[in-house]
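Protein chains: 2
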Amino acid sequence: MTGTVYLYAAPVMGLVALLFILYLNGKINRVDEGTKRMAEIGLAIREGAMAFLKREYTYLFIFIVAMVVFLLIVSFLVGPDRMPPSTAIAYVIGAVCSIGAGFIGMRVATKANVRTTNAARQSLNQALGVAFAGGSVMGMAVVGLGMLGLGIVNLIFQGNSAIINGFSLGASSVALFARVGGGIYTKAADVGADLVGKVEAGIPEDDPRNPAVIADNVGDNVGDVAGMGADLYESYVGSVVSTIAIASALGIANGSLVPLLIAAFGILSSIIGSFFVRTSEGGNPQAALNMATLVASIVAIVGSYFIITSFLPASFNVGQDTYTSTGVFIATIAGLIAGVLIGRITEYYTSANYAPVKEIARSSLTGAATNIIAGFSTGMLSTALPVIVVAVAILLAHRFAGLYGIALAAVGMLATTGTTVGVDAYGPIADNAGGIAEQAELAHDVRERTDNLDAVGNTTAAIAKGFAIGSAALTALALFSAYTQVAGIKAIDFMKPEVIVGAFIGGMLIFLFAALTMKAVGRAASDMIEEVRRQFREIPGIMEGKNRPDYAHCVSISTAAALREMVVPGLLAVIVPIVVGVLPFLGKEALGGLLAGAVVTGFLVAVMMANAGGAWDNAKKYIEGGQHGGKGSPAHAAAVCGDTVGDPFKDTSGPAMNILIKLMSIVALVFAPLFF
Amino acid sequence: MTGTVYLYAAPVMGLVALLFILYLNGKINRVDEGTKRMAEIGLAIREGAMAFLKREYTYLFIFIVAMVVFLLIVSFLVGPDRMPPSTAIAYVIGAVCSIGAGFIGMRVATKANVRTTNAARQSLNQALGVAFAGGSVMGMAVVGLGMLGLGIVNLIFQGNSAIINGFSLGASSVALFARVGGGIYTKAADVGADLVGKVEAGIPEDDPRNPAVIADNVGDNVGDVAGMGADLYESYVGSVVSTIAIASALGIANGSLVPLLIAAFGILSSIIGSFFVRTSEGGNPQAALNMATLVASIVAIVGSYFIITSFLPASFNVGQDTYTSTGVFIATIAGLIAGVLIGRITEYYTSANYAPVKEIARSSLTGAATNIIAGFSTGMLSTALPVIVVAVAILLAHRFAGLYGIALAAVGMLATTGTTVGVDAYGPIADNAGGIAEQAELAHDVRERTDNLDAVGNTTAAIAKGFAIGSAALTALALFSAYTQVAGIKAIDFMKPEVIVGAFIGGMLIFLFAALTMKAVGRAASDMIEEVRRQFREIPGIMEGKNRPDYAHCVSISTAAALREMVVPGLLAVIVPIVVGVLPFLGKEALGGLLAGAVVTGFLVAVMMANAGGAWDNAKKYIEGGQHGGKGSPAHAAAVCGDTVGDPFKDTSGPAMNILIKLMSIVALVFAPLFF
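Just so you know, the protein sequences line up as chains H and X, in that order. Going by my numbering, the first sequence opens with residue 47, and the numbers climb by one from there. Going by my numbering, the second sequence opens with residue 47, and the numbers climb by one from there.
No lab work stands behind these hints, which were simulated from the structure alone. Some hints here could point you the wrong way.
Think about it this way: if two alpha-carbon atoms lie no more than 25 Å apart in a straight line, the pair counts; the simulated BS3-like pairs of lysine-lysine are [stated by the list, open to error]: (1) X:Lys536 - H:Lys536; (2) X:Lys536 - H:Lys542; (3) X:Lys542 - H:Lys536; (4) X:Lys404 - X:Lys677; (5) X:Lys82 - X:Lys592.
All values derive from a computational prediction rather than experimental measurement.
Only chain H is shown next, with the shape it has when bound in the complex (with noise of 0.2 Å):
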């Protein structure tokens, strides 16, 4: 089968995902959003998320402004032929359609936090159908506007690859700001929250009196609704770009169009599991979750291989190998197989029903240090499998389809994005969800069907992480993969020095970048812990309740301190690179070194960072539980520490490193026409 009437697929799917959102949206409106107090907390938190975007949003525009700049002149440099001026559209499409899914995944989980509330005075059942409806959203615009843009860039510049790459470095952009800064937000407002309202003043969790508490909620949707929304994005986006750009480069026929068809299709995979989360009254909701993958998951995998068999032929040669359509297909699964065993891998290391987790909550008994070094220990001993797992997938891949293969394993893990996305992003609007509770001091009941939600949300947040980690990896080999053949580079040879300095050089930036974010958060929550002082200090009244907070301000500071801090970083992240690949005594294969460093060494880190900080979190929940003392013990007290330590390392340090490995192939994939 062939025809360009197929490459109408991926803007139409992309269309689908959309209409299902307005669906969606129907759904979680028809719910009230419950007592006036709690239209109020959650008017606060919409606005609060809101005035967060908006700011992104400028930093965002200089970013996206300079680079189009930059674009025009490396076009003009090294000709419209090796770079076409249009990559600057194309990077500008790329960045809108990220900017709109975050922007409508936000607008909705803000809406959908207030009403799961509500939905949760009657029953369980129906606050997690408002729950994962919100999320949803969330999914389907990222696959959504993703598809539609690709598709809609793909047809007008006529499968030219090096306009397309444009799109991905537009999608990276974005998630750089929405998940380095949000990451920075999210923990600073945290800590800022915790430290001054409830270690220095004394006052609960989620308490409305804490000048800090809406900055807190409003964290919580930057980071894991936006922040996690727009990682995806990028890698969904990057491995279909990078699988174009390989098949163009090996003139596989019809190769560009099959990455297109399995993403396009699994938007419909990803819809039709979402109706397959219901669950009854004490039930678990985890199940409920759990189906719903495991459906878009078959359904994407045989779509895959209708796909693969109809437009590749049964055998067909790549330079000197052979490769077969059914070749192709196991590759493919490979890669989303891998996909579902981290996660798994990832729960393991980060459940409390499982023994690390419970090592560390006994560790916790002699003390802080014992609970960190547990911790810490269990974040690297857990890289183990997950690297295993991934070397499997590329061996397989390349094994059945060489290069083409490792790119199409990384469309097959994230054919199920919009699942995957929607069952992360469900996790902080039931966390919100159970915020308003408090604040708005509702039932006891109603908290606890919130909480019951919550809990689930950890273990999704969990394996999402997982998720989104082995897919950066995948995209940004399957992106490296593109750009040694687009830079025409024969081998990357580390017996070469300017190699094994690439990737000194590339191991070395993940140290620096995990090290700059996690001193950002330090300084951008001490400017909120000041802030927070400040109130408590100049506004009479507020813990008797009498006044109001500024809540509005907190947002305020903690996102201008977000965004300031994650400019070095930023920058060194795209600066660095194209720096490599220009110099004359580096190169474009130093360059190639920097990033095998870089997506080796940021592998490592990310999954060692996510576990720690989630085993931590979990042994802390566990010891809560009653274990070992419970609250208020000593024991207690050492696993918050290993908690706060774990806050930046799960969710701002670790995330990040899944952005740089990404942002630097796409970076080195754009720009390979300036390296000689």
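Once you've looked at the hints, dock chain X against the given chain H.
Using the frame of chain H, we list chain X on its own:
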């Protein structure tokens, strides 16, 4: 100049070093042991240290026998042309020389400690003289037995590099046990002594009522004398051996002689430098030690210049490249200068005189969690400059002398190993001297002098750690280069999936090794804690000072635990590279990728852990000096937590990285004939 007579320079200079040991030993023996109590404590430490060594040798014996059998089997499999059976002989000699160096060094260090205490009853300069003489014995034993053994092996086997490689494998085997086993031992004893003694029983550090006090003092010697000595012996030998292997493979005339001569001459430089160590009462011992390093470095540089220009032609060809003797000299001193710079950078990040440690101390004001985050991010940040230094050294060395240059850079860095080990081993002797003064309840001014010596020891230890990491990275790269030549690898191409997978496995092994060694410290420490608690419970009158605790049993418990715990990580380090090399779908290029991934990640993790650990330690000392509330304040408690986390970082897992990257590289080099 040429002629086999120069081949005798290495063993002769080795003998000179051994004679110098006799001189130093005489100097130490002339000092009295002091009071009866002092002599008793000195004896207990000496006996404990020897008990550790004896047990270590038992394990080592089994390991060495197994390795000899394995070498002979491989030799039989691949034929004596590709691996001569005599490799096993060279292996045993290399191991025995390292064991001998450790034995001599420990023997004299545990004699010098109590004599340093006694000398401190007279004057600071006399105490410095004894402590430095004790440290120098370890330094001279390392270089003396290294050059004697390697020189003789080189003579007997007429420069057959396949055989000589075995010598380096022997060095690495002993280093594994001394550094990793020793690292676990020292921290298990330290944590055990502190947790039960200081925290539970409330008795001060170094109190004779603490059953683990001798084990703790023994640990200083085991870790910083024998461990560091074996680590640098491994680097010293490995750099020379890899240079010989590369020179043989590339057919550089006199190319094998030059590294031997530079190393042999380095012994002379170190002896000359050692005569510059003196200070006045109230003077700064640091300045005296710096002077020794400076003089030794200058003499080594001048000597290297004459050796290189005399023995290498002014200009010569290697393949298509032309190198000059001046270029080779530049490559050599690039390594030496890089070593000095990395030491200085380490000092900046770990000394309380500079901003990083002060910031960690300040962050202790907000609790343990912020202290941990600050130390951790400082450690990660501190990798940037060392990477740049190593990168410049690699690029310079390769530009001026190719792979041969990279190997010679490592030799250049290690030329002054005698001084470096001497200065480093001085530290634990001074530390022990302080402990003995405390336990023997000597006058306040004695403890003041030993504290003065000890404070310097912390800085020199940090510098030596930086140097050990830098030398390990360069040596591993040199061994890696030698491996590629011997295995006949044309390129280690990261575009091949098996190389990508190799790099992932290499990086993962680093994380795994770090995790396993950290967990090992925890388990070994808990064995120790149980034993101390048992003694307090079962031996009456310990706390009243009426009954002596059973020191020896504590030593034995923690020795057994340490050696037991290192079996799994040790086997991993030997077996995984061989398995990757022989597996048909991975193979020798994948093994190259593994080594590359391990060197890059290992260097980063080693620097991070060493510097974070050193910085935490000194931040605690800085607060103890009266800052931020001083001893007993909440900030101090937070800093103690950081210091405890830092202990296994800087003294166990961090240094273990040095061993791991060198060991895996030499395993690859020696067993290269197995891989197809």
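These are the hints, each one checked on the structure:
1. X:Lys536 - H:Lys536: holds (13 Å)
2. X:Lys536 - H:Lys542: Given pair X:Lys536, H:Lys542 holds - Cα atoms ~11 Å apart, limit 25 Å.
3. X:Lys542 - H:Lys536: holds (11 Å)
4. X:Lys404 - X:Lys677: holds (16 Å)
5. X:Lys82 - X:Lys592: Satisfied, since the Cα-Cα distance of roughly 18 Å is no more than 25 Å.
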